[in-house]
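Asker: Given chain A, put chain B in place with the hints provided.
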Amino acid sequence: MQGDRLPEGGRIDRARPLSFTFNGRALQGYDGDTLASALLANGIHLCARSFKYHRPRGIVGLGVEEPSALVELLGDDASGNRPATTIPLREGLVAQSVNCWPGPGFDLGAVTQLIGRFIPAGFYYKTFKWPNWHLFEPAIRRAAGLAAAPTEPPAKGHFENRYAHCDVLVAGAGPAGLQAALEAARAGRRVILADEGVEAGGGLLNRRLTISGAPALDWVAGVVAELEAMPNVTHLQNATVWAYREHNYLMVNERAPDHPGLLERNWRIRAGEVICATGAIERMLVFGNNDRPGVMLASAAQAYVNRFGVRPGKRAVVFTNNSSAYAVAADLISGGVEVAAIIDSRAQVSEAARALVPNVEILTGHVVTTTRGGRALKGVEVAPLAGGASRRIACDLLAQSGGWNPAVHLWSQSRGTLRYDETLATFLSDKPAQAVTCVGAANGEIALDDDSDDLPYAIEPLWRVEQARGKAFLDIQNDVTVDDVHLALREGYDTVEHVKRYTTGGMGIDQGKTGNINIIGTVALAQGAAPGEIGTTTFRAPYTPVSFGAIGGLREESVTFPYRHTPITEWNHARGAFMYEAGARWRRPGYFPQAGESFQESVNRECRAVRQIVGVYDGSPLGTFELKGRDVGKFLDHLYTNIMSTLSPGQVRYGMMLSDDGLILDDGVVLRLSEHRWIVSTSTGHADAIHAHMEEQRQTCFPDWNLFVTNVTSQWNNATICGPRARALMEALGADVDLAPDALPFMGFADGQVADLPARIVRVSFTGELSFEINVAPRHMRALWERIMEVGAAFDITPVGSEANHVLRVEKGFLSLGHEVDGTVDPFDLGMGWVMSKKKPDYLGKHAVALRRAGTRDRRELVGLRPEPDQMIPEGAPLTQGGDRKPTEGLVTACVFSVVHDAWVGLALLENGQARHGEIVHVRLTDRTIPARVTAPVHYDPKGERLRS
Amino acid sequence: MMNIPCPFCGARNESEFAYGGPVKPDRPDPNAVPDEDWTAYLTRVPNPLGPVQERWHHVRGCGTWLTIWRDTRTHDIVEGPSDAG
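Residue numbers (our numbering), protein chains in the order written: chain A, 1 to 949; chain B, 1 to 85.
Bound conformation, chain A alone (with noise of 0.2 Å):
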C-alpha cells in the first residue's frame, strides 16, 4: 500500500513493484525507486535517529548531499551508513536505521536530548581527555551508534579496476555535462562522460523545464543517443567521480556495471582535460529544530513529485530567500500538494516569480524561526524578518530553500582556487590549477538560459535565523548547531578550519554538502566579515564514501606481487616440501619432511646430510647479474670494500658492498668470465636492490664509463651438492671438467658438461661443507634435479630446504642480511676488517666507516653464543648486564640446533663482544633469564679445512 504514491507520472516503472523490509516491515516500491522515494511512498518520513543527541530525523534531500536519512543495509549487499536517497531500490532489499535501538520511533538513546544543553562542541573533548581520550572513545563511540561495519566480505561478485585515457573527461551528465561532451565528441575527442546518477539528466530529471518548446527529457534523450552512437565515446552512469589527483589523474566509481557478478569497478583515468559539470547542491536554512522530519530540501520535494511521483506531504510550506523554491511551489501543486504559503526571506519578488504560483500566499520579508511537531512536522511558526508578531501556520512538508552552492568539490581537489561571489552568495572556481574547466551550475550558472522556461536565478543570502526558537542546526548530521560554532569562535577557534574540527561540522559522511556554507556565513556575521574573507575549509577526496573494496579491486596480495617460483617448484610440492616465501616473494621449500617427522626432526636430519653425506640444494634465487665493459674491473672496486679489478678470469672472489654512509648493502661473490665479462652474484634478499643500486651508480655517476649491467637472474637456475661425499657424487654424475682440489680449487669455477647439460661449475660454500654449484640454464634445470635425485640415491642424497641452510650458516657464522646485518653493524664489527681495503683510496662507505670508527662509542660485535644449561634463545632476545632491567648491551641474532654439537648454538651482536669471549652474558626474556658463554662466532671448522677440501 503506497499510499503517498501519485496516480501517474514519474519515472518510475510501475509495471515492476519490488518488495523490501525496513525495520522489519515488508513494504513495496517500483523499479527507478531509490529507498527513500520508496519509503516517502509508503508514508514514511522518520528513518534515522541522530549521531549525537538521538533526535528524530527523516528524509531531507535527493541523492549524494543528504544529510540525514543513513541506513544499513543487511543481507547480500551489508553495508552501513549509507543515505537512503543513493540507494537504488531493488527486489528484496533489506535496510534498517542507525543510530537508534530498538528503532527510530523509540529510541532509548534519545534520553541525550533532555541533557543536550550540557554537551556542546568540544564536550567529549573537555569531558574525557584525563586520562587518556583513547580510554573512553570506544564507548563513546558505541553510543554515538552509526552503523557497524559489515564482518564478511561481499558474498555475491567482486570488485575490479580499470585504467583509461581521454582526452576530455566530462563530470556530470546535466545539461551542461551532455553539451560539453556532444561538442567535445563531435571535434572527434576521445571523451569519457561519467555521471553519478542512473541515468542522465541531472536537475533536468527532478524539473518539468521545456529546452527549445519541448520537454526537457526529450533533448536529453537525443543527446545521449547521439553520444552512444560515437565510438570516440565512453558514457557511464552510476559513476562518481569521487577524486582528482595531481596531473589530471582521476577516480571514477562505477556501481553495478552491467556485467554479471561485477559489484562495482574503479576507474582511473588520465584526462587531457577535465570539464567539471557537477551541477549545484542547495543548501539547507538556519532555523529553529530544522531538523525535524517532515522539513526537506525545496528541490527534493520537487524531485520526489515530478521524479519519483511521491507526495511528500499534504499540506507544504515552502521557506526561501531565492527564486528557485516558485518552481518547487508549482510542480507540488501540480502533484496534489497544497501549499499553504511561501515564506520569502527577501524584500521583493519578481513578477515572472509569482505568475508560477497565482493563487498562493507569498510573506515576502518573513522568515520561519521555529518548527513544531514531535517526531513528525505539525507546523512553523512564521515571523517578519525585521521582527515582530510570529504566526503558526499548519503543514506537515517544509520545503526549504537556502539557495545553490556549485558543486566545486573536484575544481577544489584539482587546487583551483575559490572566489567568493557577492550576487550569487556562493564560492565559484577562480584560477586553475590544471587544465580544468567548471560549465553550467557548477560554474555558477544556476538556471537554464533563455532557450529554456527556466526562470532566472535570483538569491539574497540568508545565513541564519536570528529569531531562531530552539536547535538551529548548521550541521544535521553531526549535530552542530548556531550555538556550537559562536562557541568554537568564544573559545578561540577563530578560523573555519579551526570551527571545522572543534566543531565538527561538515565531517560527516556527507561532508557538509548542504550545510558548510551556513557555518562560513555564521563565522561571517559573527565576526564582521564577508564570507570571502572568511573562505572555505579544504575539499578533499572523497566526493562521496567509496568502498574499500572498490579501491582494491581484484589486487589481494598474490595477485597485486605474485609469488617467484623456480623449474622445481612442481618436483618440491610432489616432494611433501613445506614451501614458503624466503625473501623477495621466492616460494622456496623451508624443508622436506618425511613421515612422522617434526618439523626439528625434518631439519636435524637434512642438516646432518649435509654434515656427514651430502645433500642438495635450490640456489637458483640467488641474485645473478652479468657485467660487461671495459670499466667493469674499477666499477665493482667502487662499490665492493675489496680490490675486485685483480681478479683473474677464472676465479671467484668473496666481497661486501657498502652504501656511502658505511651501512653494509650485500655481500656476495664476483666471477669474472674474461677479460670483460663478470658475473655478480647477490643474496636473495636484496637483488632487487643491488640491481637499482649498480644501475644508479652506473647512470647517474658514470655515464661515461664503458660498462652494461643486465639481470641474469632468471637465466641460470642452480643445484648445489654440498657434503664430504660432494665431489664422488659430481664425479658419478658425470663431468667433463677435472673436479680434482688442484684442478677446481675452493673460489674458482669451470664451464663444461655436467650430467650431458651445459654448465658452469662454481666451488663457493655457504653450508660450510665442500661444495658444487652446478649452474645451468633454466630449461635444463628439472632435468639436472631429477639427474641429482637419481644418480645420488646410490649415496643416500638428501633434498636441503632453507631451514636447514640457516642452521648450517649459523654453525659456520656466515652472516645474514637481517640478522647479524642491521644497519648498525659494519664488517669490522663482524670481524670482517680484513675485506676493506687499505689500498684503495676511496670506494662506497670507506670515509664513512672510518668516520664512525673514530667515535668513542662502544661497538656491537659479532660473538658466538652457548646458552649454558643448553636451550633454545628466541632470535631478537635482548642481553643486558645480569639480565637485569638495565640498558642492553646486544641482541641475540640467530640461534639453532647444531647437529654437530647436539646442542642449541647462537649468534649474537654484543657490546666489545670480540674481547669478551668465555664471559657469561645475559639474555633478557620476559619471564626469565638465561645465561650464556660468549664464543667465537664459528661454531664449526673454523679453520675452513672442509669446504677447502
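Treat the hints with care, since some could be wrong.
Derived lysine to aspartate or glutamate pairs resembling DMTMM-like cross-links, with alpha carbons at most 20 Å apart [to be verified]:
hint : chain 1 : residue 1 : chain 2 : residue 2
1    : A       : Lys840    : B       : Asp35
2    : A       : Lys840    : A       : Asp637
3    : A       : Lys846    : B       : Glu36
Read the hints as simulated data drawn from the structure, not as lab findings.
Answerer: This is chain B only, laid out in the frame that chain A set:
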C-alpha cells in the same frame, strides 16, 4: 598519481617508478675535503618548498634513472632553473 616523462618510454604512471630521492651535489673526494663537508654531503638532503631536482628509477619499465624538477607544493613537473646542471 603523477605522470612522469621517461626519456625512453614517454609519460608513464608514477606507479611504474621508484623514487630515487633529491639530487645531491656531486660526490666530493672524501680524502680532499674536510670531514664536516663530507658529512654534510652524506646527510644533508635538499628539501625545498618549491621546485626540487630529483631522480626516479623506471624500475617497472626500461630501468632508466631519470631526473626531473618537481614542485613539492603541487607535484607539477616544472622547468629547472636555467643554471641547473
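Asker: Straight-line Cα separation of Lys846/A and Glu36/B no greater than 20 Å?
Answerer: Within the cut-off at roughly 16 Å; holds.
Asker: Between Lys840/A and Asp637/A, does the CA-CA distance stay at or below 20 Å?
Answerer: Given pair Lys840/A, Asp637/A holds - Cα atoms ~8 Å apart, limit 20 Å.
Asker: Can you confirm whether the C-alpha distance between Lys840/A and Asp35/B stays at or below 20 Å?
Answerer: holds, 18 Å
In the structure shown, no violation is registered for any of the earlier numbered hints.
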